[in-house]
Amino acid sequence: MALTLFYAPGACSGVTINAIQELGLECDFKRINLASGEQKSPEYLQINPFGKVPALVTEGKLLTENPAILLYLNSLVPGSKLLPETEDEYQKCVYASDLMWFSSTVHPSVRHVCMPAYYTVSKDVCDVVASGRNMLTSHFEKAENRLKASNWWYGEQWSIVDVYLHWCYTRALRGGFSLDDFPALLAHQKRVESKPSFQGRLAIEQSQ
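First residue of the sequence shown: 1, per our numbering; consecutive thereafter.
Keep in mind the hints are simulated off the structure, nothing from the lab.
Check before you lean on any hint, since a few could be wrong.
Below, a list of computed lysine-lysine pairs in the BS3-like style, where the Cα atoms sit at most 25 Å apart [claimed, not checked]:
id: 1; residue 1: Lys81; residue 2: Lys148
id: 2; residue 1: Lys142; residue 2: Lys190
id: 3; residue 1: Lys195; residue 2: Lys81
id: 4; residue 1: Lys52; residue 2: Lys40
id: 5; residue 1: Lys30; residue 2: Lys40
id: 6; residue 1: Lys61; residue 2: Lys30
id: 7; residue 1: Lys40; residue 2: Lys61
id: 8; residue 1: Lys142; residue 2: Lys30
id: 9; residue 1: Lys195; residue 2: Lys142
id: 10; residue 1: Lys92; residue 2: Lys142
id: 11; residue 1: Lys92; residue 2: Lys81
id: 12; residue 1: Lys81; residue 2: Lys142
id: 13; residue 1: Lys30; residue 2: Lys52
id: 14; residue 1: Lys123; residue 2: Lys40
id: 15; residue 1: Lys190; residue 2: Lys81
id: 16; residue 1: Lys190; residue 2: Lys148
id: 17; residue 1: Lys195; residue 2: Lys148
What follows is a set of in silico ranges between Cβ atoms, one per label pair, in the way DEER data are often shown [what the hints assert, rightly or not]:
id: 18; residue 1: Leu25; residue 2: Thr120; range: 18 to 26 Å
id: 19; residue 1: Ser80; residue 2: Ala187; range: 20 to 28 Å
id: 20; residue 1: Ser41; residue 2: Ser80; range: 17 to 25 Å
The structure presented is a predicted model; accordingly, all values stated were derived computationally and were not measured.
From the three backbone atoms N, C-alpha and C, an ideal C-beta is built for every residue, glycine too.
Hey, can you work out the whole structure from these sequences and the hints?
Structure, rendered in structure tokens:
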């Protein structure tokens, strides 16, 4: 099966790259230059009318939004470990809910801190940043409490949810958010980054 992933270094598409690396899937990785506005170019909009990354093209069909892409990738490999294996439909929805929480709740809070101008027409972005920091503190407190009791989001099994969490807090760090009050997250960061699939992702993001 031919896969093509459109991504940008540092963007949440890194989570998708990590998943592909973990599964050992063949994929053609296409870098999109967000700084130059390539995502809004006519050429890219023909591929993905939403003008964002990640975008996965498989057999000529487009799939966007990280939760949907990650769930699809998880379905491609029998016995995939992107998420804990289960036949229980409710539990599958719990996994989807967790991915969507990071995508639709935590991720936008990160953007408040890192890209505050996105949320206001005013030159003064202090209130937006302060709001983002407050939201992230609440989100990361939930994650911190969960990880105090286990190594990974789902106990003792790594999952792609851990990678999404990692992307959120490391991206927040780049925006000036401090993790000094979150020792479990700092320990979690080291575990995530020690995985071969994470190192493979870095190699791809840094290679082009």
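Cross-check of the supplied hints:
Our distance criterion of 25 Å between C-alpha atoms is met by Lys81 and Lys148, whose separation comes to about 22 Å. Between Lys142 and Lys190 the CA atoms are separated by roughly 19 Å; this keeps the pair inside 25 Å, and the hint holds. Pair hint Lys195 plus Lys81 holds up; C-alpha atoms about 13 Å apart against a cutoff of 25 Å. As the CA atoms of Lys52 and Lys40 are separated by approximately 8 Å, the hinted pair is consistent with the 25 Å bound.
For the given pair, Lys30 sits about 15 Å from Lys40 by alpha-carbon distance, which is consistent with the 25 Å threshold. Of the pairs offered as hints, the one joining Lys61 and Lys30 holds, with about 16 Å between alpha carbons and a cut-off of 25 Å not exceeded. This hinted pair checks out: Lys40 and Lys61 have alpha carbons roughly 20 Å apart, not beyond 25 Å. Restraint check for Lys142 and Lys30: the C-alpha separation of about 35 Å exceeds 25 Å, so the hint is violated.
The straight-line distance between the Cα atoms of Lys195 and Lys142 is roughly 24 Å, inside the 25 Å bound, and the hint therefore holds. At roughly 21 Å between alpha-carbon atoms, Lys92 and Lys142 fall within 25 Å of each other, so this suggested pair holds. For a cut-off of 25 Å, the pair hint linking Lys92 to Lys81 stands: about 13 Å separates their Cα positions. At most 25 Å may separate the alpha-carbon atoms for a hinted pair to count; Lys81 and Lys142 meet this at roughly 24 Å.
About 13 Å separates the Cα atoms of Lys30 and Lys52, which keeps this hinted pair within 25 Å; it holds. As the CA atoms of Lys123 and Lys40 are separated by approximately 24 Å, the hinted pair is consistent with the 25 Å bound. Restraint check for Lys190 and Lys81: the C-alpha separation of about 20 Å stays at or below 25 Å, so the hint holds. Restraint check: the Cα-Cα separation between Lys190 and Lys148 comes to about 15 Å, which is no more than 25 Å; the hinted pair holds.
With a C-alpha separation of about 20 Å, the suggested pairing of Lys195 with Lys148 holds against the 25 Å cut-off. Separation of Leu25 from Thr120 is about 40 Å and departs from the stated range, judged on CB atoms against 18 to 26 Å. For the pair Ser80 and Ala187, the supplied restraint of 20 to 28 Å holds, since their beta-carbon distance comes to about 26 Å. For the hinted restraint 17 to 25 Å between Ser41 and Ser80, the CB-CB distance of approximately 34 Å leaves it violated.
Going down the numbered hints, you'll see the structure goes against 8, 18, 20, while the others check out.
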